[in-house]
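Trainee: One letter stands for each residue in the lines below.
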Amino acid sequence: MLTKRLIACFDIKNGMVTKAHKFQDNINVGRAEDIACKIYQDQIDEIIFYDITASSEKRKIDIETVKNVAKHVFVPFTVGGGIKNLENMYEVLKAGAEKISVDSMAVRNPEIIREGAKAFGSQCIVLSMQVKRVEKTDKIPSGYEIMIDGARVATGMDAVEWAKRGEELGAGEICVNSIDRDGTHAGYDIEITSMISNAVNIPVIASGGAGTPEHVAEAFTKTGASAAIISSMLYSPRLERNYTVKEIKQKLIDCGVPVRPWIENYNCI
Amino acid sequence: MIGIIDYKAGNAPSVLNACKKLHINAHLVSTPGQVEGCQGIILPGVGSAQATMDSLRESGLIDVMKEKVLDRGTPFLGICIGLQVLFEHSEEDDAECLGWLHGEVKRFPDTEVRVPQIGWNEVKFVSEHPVLSGLNESEYFYFVNSYYVVPNDKEVILAKTNYGLEFCSMIAHRNIIAAQFHLEKSGATGLRLLKNFALRVGN
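Here the protein sequences line up with chains V and X, keeping their order. Add 351 to the 1-based position in the first sequence for the working numbering, that's all there is to it. Add 5 to the 1-based position in the second sequence for the working numbering, that's all there is to it.
Everything labelled a hint here was simulated from the structure, so no lab data went into it. All C-beta atoms, glycine included, are put in the ideal place defined by N, C-alpha and C. All clues stand as given, with none of them false.
Facing chain V, from chain X, some residues (calculated, C-beta under 8 Å):
hint	residue
1	Asn22
2	Asn126
3	Asn167
4	Tyr168
5	Ala193
List of simulated lysine to aspartate or glutamate pairs, EDC-like, C-alpha gap at most 20 Å:
hint	chain 1	residue 1	chain 2	residue 2
6	V	Lys469	V	Glu518
7	X	Lys111	X	Asp99
8	V	Lys515	X	Glu117
9	V	Lys469	X	Glu63
10	X	Lys26	V	Asp393
11	X	Lys26	V	Asp385
12	V	Lys370	V	Asp385
13	V	Lys469	X	Asp98
Construct the entire structure; sequences and hints are all you get.
Mentor: Given below as structure tokens:
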């Protein structure tokens, strides 16, 4: 049986992992390479790495950090931030990533999804979307709007419509990032995650707001999400208590969620 | 030395990283001359069967791979698309593949499951093989695929997995081993399998 995935997400700035609250007030947590290595040993299922200021600073992604992380991590590795064209995608894949996450750039130029999927396969393209709860209107019937550029700019686009369009264009996965929940430790936005997972037939990743193992379990029991992103829970100094992957998985097992089993002596196999 | 076939749509760097971690003597290879000198060959893959076939044709690697693997018995490991292209035909883009094994490549039923399959799934080994040394009867590996192989000769099936239906997730035929899952991205379990392959090459 296909298991549900736990994905550790790192926001990277100048080679350091940083942790935000509602996309702001970032604090440094540690070197990307060191934290990725530790979480890999901790048996995380997958890792995502966002170069969070690449887009707004209009520069290319930090390839050296991508390479350094890829050397230590033998689980799937997704990279996003500042990817504008096929050449940037190729560079990131050559550096050792498997998947590319596109976000603001895909809103500006949706064709990048199609081009990326054609060149590298759908499985390679993760459409990440920043969603914000707004009043329901004719233009935004779901009540969730797509934001871009670190949640700073509203687009007037409906989140569910954009997810469907992303699937049509060839995205292999959709990551639903709740701006309202980001770094709040209040739990995922179940409503929009559910709406999007019902609207598309590709895997959906819940993101933003996880603070306890219960929240993670909820993402899987109350929505059709295939994966959940955790970050604060694993390493944020803002949280009173951090959790290990093993602790979170135990909670998922207790709730009947299928997960990749824990392996004793992971390094010694 | 193990040659990891490097082509544009592949994920050869990830496989090379995994080999380096295991101290396996492996290099990226992209020309017939380089492939000629290899004692073992890994064909990694992501993307589509057609793109992989086009890339192998353009690099002029098909003949040398065929000669080494089919005629001279060089140990071969195919990963993901590197498994699919071994068969005759893929439903994906109606692609003609290498045809080293009889059978075809089909798409998962969209009505039953989300496609692509992305994530860790259970691989149940159905027979014994030296490359499985140290592994349990079933293990979890990381999959990313919309298509799966259907070998004509069921004897080549080394493992099975369920996703909407039961499909062949690994094959073994003489010197050829190939897996639908990404062993280079399946944590310690995948690394173990890669190491076992390297041991067969004499690495």
